[in-house]
Amino acid sequence: MMLKKIKHLAAAVFCMTLASAWAQSTPAKPLARLANGEVVSEQDLSDYLDSRIDLRQIARNAWGVEGVVQEMAMTRALVLEGGRLGLPRKVEGAPKRFDDVYGLAVYKKQAPACEAPANEQEARKYFDSHPQAFVVPAQARVERIILPAATEIGGGSAMAWLQDQARAVITGKRKFGLVAMRAKGEYSLDAQGDLGWITLDGDHTIMRALKTVKAGELLGPVQDDEFVYLFSVLQKREARQLSWDEAKSFASTRAVSYCREEAQTQMRADLFKRYGVEIDRAAIRDLMAKANSAATKAEEKVEAKPQQ
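Numbering (my numbering), first residue to last: 40 to 347.
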């Protein structure tokens, strides 16, 4: 029990200090580039996460880190855009490259006004002309097993082991939950087993694949970046279009939120094009491979330490 507690503590401590660990690693490719020669480096990411503690939990896998880097690139582009437009900026000390406060001010200056429909009749017009804003995305209750691809388990690779486990689950010889418990003994930095209900949105390959899987079926094993996965879909709710009766109570607020979502997406596309922003997904995958290696070594060091 004591070893288990220490193992979980080591994982928690590592997650909290992950940004600092990245900054101490050997030089790597930039995580993003701009046409003016600027880059988003690992050090930039580390510094940003130091000030944005709310994003640390997100930045635990390649998908999350890519989202953070994209946000940093958007902030930088907004700062550059504000300078181009001559918008005033309050600077105390050295100006911050990734200035969230100024970036938000620039965004608000440029973003279109998103006003709620004046009455129910106008809300109904919006509903009829924007059906895509009133779609409930597909959802699934999912179990997952995740292992670093480099893991050796059961006398072979993680992929080979998961293939054997998938066959055993399909034939009813083994429960998925028991396989997840075994995997947790090898890797515990991400949740193993039941993930609950998740929304199947986004354009990631695995999310697109999960949309095609029926309840009671498995997906995988499949490798993505430095990890291999096996999924079990327990229940499924397909995407569906809401009726007016279902949507009318919140149609006005949805009109505003959807307008803002569309505006943000369009502004990001425009600014990334203007400033030549390119996100380097390969560099992000390399970064996470180093971080996961460091996490494994940290766990091993804690487990090897004699207990009092």
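Please note that the accuracy of each hint is not assured.
As the list claims (entries may be wrong) - Each computed DSSO-like pair below joins lysine-lysine, with the alpha-carbon atoms no more than 27 Å apart:
{"no.": "1", "residue 1": "Lys275", "residue 2": "Lys287"}
{"no.": "2", "residue 1": "Lys312", "residue 2": "Lys329"}
{"no.": "3", "residue 1": "Lys223", "residue 2": "Lys212"}
{"no.": "4", "residue 1": "Lys164", "residue 2": "Lys135"}
{"no.": "5", "residue 1": "Lys253", "residue 2": "Lys287"}
{"no.": "6", "residue 1": "Lys129", "residue 2": "Lys147"}
{"no.": "7", "residue 1": "Lys148", "residue 2": "Lys129"}
{"no.": "8", "residue 1": "Lys223", "residue 2": "Lys329"}
{"no.": "9", "residue 1": "Lys214", "residue 2": "Lys275"}
{"no.": "10", "residue 1": "Lys250", "residue 2": "Lys223"}
{"no.": "11", "residue 1": "Lys148", "residue 2": "Lys253"}
{"no.": "12", "residue 1": "Lys312", "residue 2": "Lys250"}
{"no.": "13", "residue 1": "Lys147", "residue 2": "Lys68"}
{"no.": "14", "residue 1": "Lys287", "residue 2": "Lys312"}
{"no.": "15", "residue 1": "Lys164", "residue 2": "Lys253"}
{"no.": "16", "residue 1": "Lys212", "residue 2": "Lys253"}
{"no.": "17", "residue 1": "Lys164", "residue 2": "Lys223"}
{"no.": "18", "residue 1": "Lys250", "residue 2": "Lys147"}
{"no.": "19", "residue 1": "Lys147", "residue 2": "Lys135"}
{"no.": "20", "residue 1": "Lys212", "residue 2": "Lys135"}
{"no.": "21", "residue 1": "Lys214", "residue 2": "Lys164"}
{"no.": "22", "residue 1": "Lys68", "residue 2": "Lys329"}
Since the hints were derived computationally from the structure, they do not count as laboratory data.
Right, here's what the structure says about each hint:
1. Lys275 - Lys287: It holds: about 26 Å lies between the C-alpha atoms, which stays within 27 Å.
2. Lys312 - Lys329: violated (31 Å)
3. Lys223 - Lys212: Since the Cα atoms of Lys223 and Lys212 sit roughly 20 Å apart, the hinted pair holds (cutoff 27 Å).
4. Lys164 - Lys135: Since the Cα atoms of Lys164 and Lys135 sit roughly 44 Å apart, the hinted pair is violated (cutoff 27 Å).
5. Lys253 - Lys287: violated (31 Å)
6. Lys129 - Lys147: holds (16 Å)
7. Lys148 - Lys129: holds (16 Å)
8. Lys223 - Lys329: OK: Lys223 and Lys329 at ~20 Å, within 27 Å.
9. Lys214 - Lys275: Holds, at about 20 Å.
10. Lys250 - Lys223: holds (26 Å)
11. Lys148 - Lys253: Not satisfied, since the Cα-Cα distance of roughly 46 Å exceeds 27 Å.
12. Lys312 - Lys250: violated (31 Å)
13. Lys147 - Lys68: violated (33 Å)
14. Lys287 - Lys312: Measuring from Cα to Cα gives roughly 37 Å; hence the hint is violated.
15. Lys164 - Lys253: violated (36 Å)
16. Lys212 - Lys253: holds (21 Å)
17. Lys164 - Lys223: violated (51 Å)
18. Lys250 - Lys147: Violated, at roughly 35 Å.
19. Lys147 - Lys135: holds (19 Å)
20. Lys212 - Lys135: violated (58 Å)
21. Lys214 - Lys164: Outside the cut-off at roughly 51 Å; violated.
22. Lys68 - Lys329: holds (13 Å)
Comparing the model with each numbered hint stated earlier shows that hints 2, 4, 5, 11, 12, 13, 14, 15, 17, 18, 20 and 21 do not hold.
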